[in-house]
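Taking full-length UniProt numbering as reference, the numbering of the sequence shown is continuous, increasing by one, and the terminal residue is 720.
It should be emphasised that the hints constitute simulated quantities derived from the structure, not laboratory data. Fair warning: there could be bad hints in the mix.
What the hints assert, rightly or not - PhoX-like, lysine-lysine: derived pairs with alpha carbons at most 20 Å apart:
(1) Lys328 with Lys445
(2) Lys147 with Lys445
(3) Lys148 with Lys664
(4) Lys335 with Lys447
(5) Lys82 with Lys176
(6) Lys664 with Lys87
Unchecked claim - Cβ-Cβ distance ranges computed for the label pairs, FRET-style:
(7) Arg639 with Met359: 39 to 47 Å
(8) His59 with Met644: 27 to 35 Å
(9) Asp546 with Arg658: 56 to 64 Å
(10) Phe339 with Gly117: 14 to 22 Å
(11) Lys335 with Glu67: 33 to 41 Å
(12) Glu476 with Ile628: 50 to 58 Å
(13) Arg658 with Ile334: 20 to 28 Å
(14) Gln136 with Ile334: 23 to 31 Å
(15) Met359 with Gly625: 53 to 61 Å
(16) Leu571 with Ser222: 16 to 24 Å
Predicted model only: the values in this text are computed from it and were never measured. Even for Gly, the Cβ is constructed at its ideal location relative to N, Cα and C.
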Amino acid sequence: MNAMNSILSKAKTEKNGLAGIALDSYGSTDDSVAFVHKDSLAHPNPSENWSAKLLESLHIPNMMDQEVPNKPLDYYTCVFKKSKLDKFLGSENRDTFFSNTQRHRIVYEILATTPYGKRKRAEIGIDRLIDEGAFQAAYPLHDGSWKKPSHSLPAEQLNRRQVLYDYWARWGCWYKYQPLDHIREYFGEKIGIYFAWLGLYTAWLLPASIVGLMVFLYGVLSISTNTPAREVCNSGGDFVMCPLCDENIGCAYWNLSDTCTQAKISYLFDNEGTVFFSVFMSLWAVTFLEYWKRKNASLAHHWDVMDFEEEEERPRPQFAAMAPSMEKNPVTGIKEPHFPDEDRFKRMMAGAVIIIFMMVMVLIFVLGVIMYRVLISIPLFQSVMFRAQASNIANMSGACVNLILIMASGICGQGGCLVELAQQLAVIMIGKQVINNAQEIIVPKIKNYLQRREVAKGMEKSTEPARWEEDYQLIENEGLFEEYLEMVIQFGFITIFVAAFPLAPLFALLNNWVEIRLDAHKFVCEVRRSVSERAQDIGVWFNILDALVQLAVISNAFIIAVTSEFLPRLLYKYEKNWNLDGYVNFTLAYSPPGSMSQECRYKEFRDRDGSFSLFYWRLLAIRLGFVILFEHVVFFISRLIDIMVPDIPESLEIKIKRERYLAKQALQDQEHIMVGGLAGVGEEDEGGDDDYAVTTQGRKAATTRMDAGNVYLSVPTADV
């Protein structure tokens, strides 16, 4: 109760001047607000994209476009200054001056920085109280129900949550453009940028899917004219292949013609189009990242986060609780929980000792097995019976080793290594993604059901739940980490291994169409509203994507050079026969004399005695040369694209300079003012209030209302 009173008194002190000064005192000082100028509405709508412009220029109706009501207005904006309050639009009405998300950030800043106990113990903020169990959750409230009212209302009278559901989260909107301005206005820039990136990534998968499908269809249509596949299917009993394991354990000889189906499937994914598609996807990935940087710059300018600097990260509640002392932060000048170097070193050493102990234990077990075998082998070799049965024991142990190696799939199957890689990618891109989407549909519904059931136990059935109680029945918002991780892993698969499975971009495209609506429905209908967070880009994920692009170039080069049959076929064409006649026989070596019970063939470039042929060494040199040439050419073109395509469009640079000039002129201030972009600010809230709920473990709670951003604090009735 004392902790709650401390936070309440701190927030009440700020409530009277919240709209005017709280942003300077507690909020992020780089929030941009619209200022008065005659050209305030001069900017075009940045939500237009190249596809809309292309369809418009061709006079083709755009079925993806939609008119979303209550679109945020576009103004020139600049950083808010309390001393220039009268220069900003809407300053005469302090209740609606700051946007809904800005007021959420202000309230959260107050709750997160207010001490409730002793500062020396880092007893500060709502996050620490939640971690200690004093409160169970803290979240802004949604703008009412997402369901439309029973009686029909004009679209302009719907609340923002209903607008987002009707024009974004519904499955019927799967082919429509996302209302990014509305998403940003309701959830904040961080979530808005995620959906902007996901939408752009999905759109860019369309050309990659078309090219990949064309490469696959080329393989389907040309398979009847493929000489190696035809030779395999028509070989009959001409090529008797060696057993895949020891003859003594039942592995039999087999005919190469038995692999006719595998040979045809292998050609579908390993043909002349594979090299072209690998180069195309490498350049596609580089161009996509370059275009995203341009799109991101436009969004950052439009959403006033062009020069946004991430707020100072607060210490985790667990860290603050365990910190033995408080030290002044040299940057902020505020005392924060601190671990002295001596204590930190002790903890690091304790962790290192545990890890070293585990490693030593593993080493002891390995050495123990080796010593056991040595000690057992000495008396065994002294035994006459053991020496007499040595050959039988060797055959039995060899058979077991061969069986283990075969079961471990250490050798590629009859269709080749590329087919097995394609099969694994097909399982990942189809089966795994279907399972993930099913989980995203089912798991939240189960969690919501359990949450509603738990909350209902402590509520009277006759009473209608308050808004904060309705939102508490929703599941906790876990952020964007898992969403980004899923998409980045997918991006890695479709770029790194695309040479083995050209259909990967197509299945990624189909998955992402579903993923966008699943994520939209989750954020609008199934999870609590998160505190609005500002961001100017996707953060460290871009660096990961860039690293994957570099890795993809090298990976595709080695897949084509080593795993694919492209280079062996090309060298055979050049040296032997351009039509590939006799290629299958050329790739099969004879078993060395005396090694098998009968003569058989196996796939290798070797002589009769088992040594590598001259063709093998020439092919090895060509493979290494191809890897070097491939990655140098692709990296050179990628670098050329990076140089030729500026990260910020020229038209946007002019807008930024123009806006900076107008901001200085409007505020009559000579100091350098960094300006964001366009922002929809000053509009009156449809719901009339901005709410922030902090709930405790008590089900029956007395609610105290505060006007500081319309905060709700609820505590158990026993404490009140």
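Do the hints match the structure? See the list:
1. Lys328 with Lys445: At roughly 46 Å apart (the allowed maximum being 20 Å), Lys445 and Lys328 break the hint.
2. Lys147 with Lys445: Distance of about 17 Å is within 20 Å: holds.
3. Lys148 with Lys664: violated (45 Å)
4. Lys335 with Lys447: With a Cα-Cα distance of about 40 Å, the restraint between Lys335 and Lys447 is violated, given a limit of 20 Å.
5. Lys82 with Lys176: Violated, at roughly 41 Å.
6. Lys664 with Lys87: The hint holds at about 11 Å.
7. Arg639 with Met359: 39 to 47 Å: Holds - the Cβ-Cβ distance for Arg639 and Met359, about 43 Å, lies within 39 to 47 Å.
8. His59 with Met644: 27 to 35 Å: This hint holds: roughly 31 Å between Cβ atoms.
9. Asp546 with Arg658: 56 to 64 Å: violated (31 Å)
10. Phe339 with Gly117: 14 to 22 Å: This hint holds: roughly 20 Å between Cβ atoms.
11. Lys335 with Glu67: 33 to 41 Å: The hint (33 to 41 Å, Cβ to Cβ) is violated, given that Lys335 and Glu67 are roughly 53 Å apart.
12. Glu476 with Ile628: 50 to 58 Å: holds (51 Å)
13. Arg658 with Ile334: 20 to 28 Å: Distance hint for Arg658, Ile334 is violated at roughly 38 Å.
14. Gln136 with Ile334: 23 to 31 Å: holds (28 Å)
15. Met359 with Gly625: 53 to 61 Å: Since Met359 and Gly625 have Cβ atoms about 42 Å apart, the given range 53 to 61 Å is violated.
16. Leu571 with Ser222: 16 to 24 Å: holds (20 Å)
Of the numbered hints listed earlier, those contradicted by the structure are 1, 3, 4, 5, 9, 11, 13, 15.
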